[in-house]
Amino acid sequence: MTPPETARPLHDARFFLTCVGIGLVAGLLSGLFGVGGGTVIVPFLVLFLRFDQRLAAGTSLAAIVPTATVGVISYAVHGSVAWIPALLLAAGAVVGAQIGTWLLPRLSLTVLRWAFVGFLAAVIVSLFIVIPSRDAQFSLTWVSGVLLVVLGVVTGILSGLIGVGGGIIVVPALMVLFGTSDLVAKGTSLLMMIPTAVSGTVGNIRRRNVDLVAAAIVGVAACTTTALGAWAATLIDPFVGNMLFAAYLVIIAVQMGLRAWRGRPRPTTGPAGPGDAAR
1 MTPPETARPL
11 HDARFFLTCV
21 GIGLVAGLLS
31 GLFGVGGGTV
41 IVPFLVLFLR
51 FDQRLAAGTS
61 LAAIVPTATV
71 GVISYAVHGS
81 VAWIPALLLA
91 AGAVVGAQIG
101 TWLLPRLSLT
111 VLRWAFVGFL
121 AAVIVSLFIV
131 IPSRDAQFSL
141 TWVSGVLLVV
151 LGVVTGILSG
161 LIGVGGGIIV
171 VPALMVLFGT
181 SDLVAKGTSL
191 LMMIPTAVSG
201 TVGNIRRRNV
211 DLVAAAIVGV
221 AACTTTALGA
231 WAATLIDPFV
241 GNMLFAAYLV
251 IIAVQMGLRA
261 WRGRPRPTTG
271 PAGPGDAAR
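Heads up, the sequence shown is in my numbering, so the first residue is 1 and it goes up one at a time.
By construction, these hints were calculated from the structure, which means they are not laboratory data.
Do not take every clue at face value.
To be verified - Pairwise CB distance ranges, derived in the manner of DEER restraints: (1) Leu47 - Leu109: 17 to 25 Å; (2) Val254 - Leu140: 30 to 38 Å; (3) Leu10 - Val95: 37 to 45 Å; (4) Ala122 - His78: 28 to 36 Å; (5) Leu140 - Phe239: 43 to 51 Å; (6) Trp102 - Ala76: 33 to 41 Å; (7) Leu47 - Gly203: 20 to 28 Å; (8) Val198 - Val20: 37 to 45 Å; (9) Ser139 - His78: 17 to 25 Å; (10) Ser108 - Leu24: 30 to 38 Å; (11) Gly118 - Thr141: 24 to 32 Å; (12) Phe239 - Gln53: 32 to 40 Å; (13) His78 - Val143: 34 to 42 Å; (14) Leu104 - Val202: 30 to 38 Å.
Cβ coordinates follow ideal geometry from the N, Cα and C atoms, glycine included.
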């Protein structure tokens, strides 16, 4: 039995212009910070085009594929992509995403969101302490290879559970835990996203959970600004880059905290007593 198709908005001129605007903003942030842009695409699709949350997430994931591809090319031109580590991360993330979707109905989403807010707070603090060196190279050993797969699994689990992209986890982890330069961390993060996003998009298409027209417009528009964001990242001082990324994470943390607050359990009122009914 095929799942019912989610209602889609009318594809009029406003729809196309809004998708283009969303793509331009998402592409710039994707190239600048090495993230997928889903943290912009999803809420904007919901807010401006009245997308259902799941349809917005599926559409965003499809739009990330071309966006991340252009971003990888832009960073690769400057030699800022660690290819094998990215594939190890992607392998772990694909497995982790399946675990996350399996755990989703079994765990409290509110608790997970608050835990993730705490994680982001720790990352933000670390970005003020650890300033990456642009000359730092990624040293791949058996130990670091295993740790990369583990990091990919954790990233995939969080992605499957709360719908966050891998970049906001992988980029700071590569800089803080592996001592990678900020540019290599961003380029590697974008490469990791491509197979993960393709895998997720195939599943979403089968579930009719993607607006392919919106995904194509957002993705193509994002491609025009992703290279600009990646170029800007090479000009920004690593400390300034950390501060900008920290500010971006603060916005994500606030957004996630608001979702957790709105989704908190409400106290239930007991049945009215005999006297209450007469009032």
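Against the structure, the hints:
A hinted range of 17 to 25 Å for the beta carbons of leucine 47 and leucine 109 is consistent with their spacing of about 21 Å. Evaluation of the 30 to 38 Å hint for valine 254 and leucine 140 yields a pass: the beta carbon distance comes to about 36 Å. Restraint check, leucine 10 to valine 95: a C-beta distance of roughly 39 Å satisfies the suggested window 37 to 45 Å. At roughly 30 Å, the beta carbons of alanine 122 and histidine 78 sit within the given window of 28 to 36 Å.
Range check, leucine 140 to phenylalanine 239: about 26 Å between beta-carbon atoms, so the 43 to 51 Å window is missed. The beta-carbon spacing between tryptophan 102 and alanine 76, approximately 34 Å, falls within the hinted interval of 33 to 41 Å. The hint said 20 to 28 Å for the Cβ distance between leucine 47 and glycine 203, and at roughly 25 Å that hint holds. Taking 37 to 45 Å as the suggested C-beta distance range, the pair valine 198 and valine 20 does not conform, at roughly 23 Å.
Between serine 139 and histidine 78 the C-beta distance comes to about 19 Å, which sits within the given range of 17 to 25 Å. Checking the proposed 30 to 38 Å range against serine 108 and leucine 24 shows it holds: the Cβ atoms sit about 37 Å from each other. At about 30 Å, the CB distance of glycine 118 to threonine 141 agrees with the hint of 24 to 32 Å. Look at phenylalanine 239 against glutamine 53: about 36 Å separates their beta carbons, and that is inside 32 to 40 Å.
The hinted window of 34 to 42 Å between histidine 78 and valine 143 is violated, with their beta carbons roughly 28 Å apart. The supplied range of 30 to 38 Å is broken by leucine 104 and valine 202, whose beta-carbon atoms lie about 19 Å from each other.
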